[in-house]
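A.B. asks: Protein chains in written order, with the working numbering: chain A, 1 to 107; chain B, 108 to 644.
Hints listed in this document are in silico derivations from the structure and should not be mistaken for laboratory results. Remember, predicted model here, so these are calculated numbers, not experimental data. In this text, a Cβ means the ideal position worked out from N, Cα and C, and glycines have one as well. Certain hints may be false.
Residues on chain B that point at chain A, a partial pick, calculated with CB under 7 Å [to be verified]:
no.	residue
1	Leu-317
2	Ile-357
3	Tyr-404
4	Thr-413
5	Pro-419
6	Ala-420
7	Leu-475
8	Thr-528
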Amino acid sequence: MADNTNSRHLPGDPKEHHIVPYKFHIGIWVGLIILTIMTVLVSVMGISLVAFSVITAMIIASAKAVVVANYFMHLKYENKLITWLMGVTLLLFVVFISFTAFDYITR
Amino acid sequence: MAEALSQPVSFYQAKTGLFSWIFSTDHKRIGLLYFYAIISFFLVAMSLGFLMRLELIAPGETIMDAKTYNQVFTLHGVIMIFLFLIPSVPAFFGNFLLPLMIGTDDVAFPKLNLFSWWLYVLGGIFALLTLVVGNGPADTGWTFYAPYSVKTGTNVTMAVLAAFILGFSSILTGLNFIVTIHRLRAPKMKWFQMPLFAWALYATAWIQLLATPVIGITLLMIIAERVFGVGLFDPALGGDPILYQHLFWIYSHPAVYIMVLPAMGLISEMIPTFAKRTIFGYKAIAYSSLAIAFIGYFVWGHHMFTSGMSGPARVIFSVLTFLVAVPSAIKVFNWVATLYKGSINVKTPLLFSLAFIFQFLLGGLTGLVIGALATDIHLHDTYFVVGHFHYVMFGGAGFAFFGALHYWYGKIWGKMYNESTAQIAFWLMFIGFNVLYFPMLVLGIMGMPRRYYDYLEDFTTLNVVSTVGSWILISGIILMIYNLIVSRKKGEAAPRNPWGSTTLEWQTPSPPPLHNFDATPVVPEGNPYDHKQNKSE
């Protein structure tokens with residue numbers, strides 16, 4: 001379909017692809033390793049504070065997930081819409097878990 | 108566009124032979140493959156429904172025993188839900204029409220599209236195999252509630268596997284539509300210049316993508332329970348049956364909107380055409396599709412008011428349920444407002460659309476009755492619920508499907524159907540439908556429980572009326588299908604735009620050529636339903 005070839009393009013598609021140097025990716029990877037080590041240290045050293053070590057581990061894990069999504073999965077360089085949709089998905093997941101948990105807590 | 112100048116080869120003639128169909132990556136052919144499979148399953152499940160009504164014509168055992176009846180209503184539900192309603196509008200009309208409506212040559216991932224059809228066929232085969240393999244088809248109801256589904260000797264594992272595979276088919280269709288709508292719209296077509304059917308498909312696709320994995324996991328948990336005795340849902344092993352109901356309805360309530368949202372999209376296409384008028388409240392209808400999809404995720408607990416869920420949770424779910432009524436009512440008001448002072452052309456698709464509005468309204472309002480916690484305690488698991496969801500699912504989604512079948516018949520098959528026969532079939536279906544399902548609402552209020560092959564003498568009269576209704580309805584459906592089959596051979600050739608519609612699929616010949624458009628389609632400026640721009644047609 002010769003005269004409709006440009007239909008396979010997102011309106012407002014970023015014209016140039018963002019190129020990230022290897023060094024930057026390695027830096028992110030090192031950062032993730034450091035966060036992993038922190039998780040281990042908290043669980044080993046914080047035995048007396050079980051609840052806190054769980055919360056700390058969750059916070060660190062969430063931070064890692066944000067970094068991976070933003071840099072390794074290129075969310076940071078994508079259309080803002082994709083970030084929004086990702087947020088909505090996360091919100092729904094939280095709703096599923098919390099509404100079900102609410103039934104159990106109040107039963 | 109002069110008709111005689113360009114009469115290109117249609118997608119039917121471009122290639123021939125069985126393999127050119129079952130391995131085709133053309134969205135129109137895949138849509139039709141879906142259609143023939145879906146309509147076959149519909150006829151199977153319709154026959155099962157007919158047998159159930161026949162059993163219920165008199166109290167006591169009439170034509171089948173209790174266990175057979177349980178298996179028949181389970182198979183009727185599984186086929187109607189997973190093999191007819193969920194794929195019907197998106198997989199057939201969506202596949203066929205979406206690329207045409209947004210002015211492109213195919214969906215974003217044509218091979219994935221073909222794969223999803225094959226998954227659908229595989230799932231369908233598994234569902235039918237339960238008839239002959241193992242100890243007969245499941246007798247649990249389409250909801251597979253634990254712990255009974257874990258304990259029954261019937262072939263639940265295979266039925267659940269079928270639903271699991273069909274879920275993947277649905278996810279892939281949803282993914283395909285999201286990417287297609289984001290990436291492949293015709294040059295210059297902005298989001299708010301898309302037809303409302305595309306908006307409805309977009310909202311539906313997000314439900315397919317985000318909710319279906321939950322049912323996938325839940326169904327695998329049932330298999331794990333049955334095969335390995337894990338103890339997730341069985342109280343004897345420390346499990347919780349209500350957890351199953353949560354997980355099941357987290358998917359299956361949004362799935363209700365997978366069934367009805369695209370059908371609403373079809374209605375939004377047909378009404379402006381036959382009212383010869385711009386649709387009233389375009390943006391309100393587009394946004395209300397998204398709102399229904401979003402709010403639909405928050406209300407699943409209203410299926411569980413009597414199952415032992417906590418009091419506060421029941422109240423919250425009941426309140427949230429009422430929120431869905433708002434965007435649904437926005438749509439109904441906008442459709443009615445579109446008809447107001449329109450130049451109305453009464454053709455079969457419009458009749459089906461009007462029947463949709465009437466029946467969906469009844470289904471929606473009875474939904475409020477059972478969404479309210481206090482009344483639901485009385486009506487739960489009675490025939491009121493059966494009447495309610497048939498009004499929404501068949502009276503709504505089903506009638507929209509058949510209306511759309513007439514509306515786009517010319518575009519898809521290149522011939523026009525016989526109008527007067529179609530109208531007779533419509534009236535038979537409309538009368539039959541209401542005679543069949545309205546008595547169920549009354550029976551439910553009287554207290555007749557659902558899912559039994561037997562009932563008290565007091566309920567006999569209304570059950571006889573209901574069964575007679577099923578005969579009228581089925582004769583209407585048979586006449587409609589006969590008319591459509593005969594018109595395929597004997598109908599007049601369909602022009603590009605038989606109804607004077609404004610959306611892009613009517614700019615191309617009927618049936619469309621392989622690559623959909625012989626020239627880049629011209630996107631009308633502003634509102635896609637502006638009939639003033641279209642006066643020359």
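A.B. asks: Work down the list of hints and note, for each, if the structure agrees.
C.D. replies: Now the hints, each set against the structure:
Because the closest C-beta pair between Leu-317/B and chain A is about 6 Å apart, less than 7 Å, the hint holds. Because the closest C-beta pair between Ile-357/B and chain A is about 5 Å apart, less than 7 Å, the hint holds. Given the 7 Å rule on beta carbons, the hint for Tyr-404/B holds: about 5 Å separates it from the nearest Cβ of chain A. The restraint placing Thr-413/B at the interface with chain A is violated, with a minimum CB-CB distance near 14 Å, outside the 7 Å limit.
About 5 Å separates the beta-carbon of Pro-419/B from the nearest beta-carbon of chain A, less than 7 Å, and the hint is met. At a threshold of 7 Å, the smallest CB-CB gap from Ala-420/B to chain A is about 4 Å, leaving the interface hint in force. Checking Leu-475/B against chain A by beta carbon gives a least distance of about 21 Å; that is not within 7 Å, so the hint is violated. For Thr-528/B, the shortest C-beta to C-beta distance to chain A is roughly 38 Å, which exceeds 7 Å, and the interface hint is violated.
The structure shown violates the earlier hints numbered 4, 7, 8.
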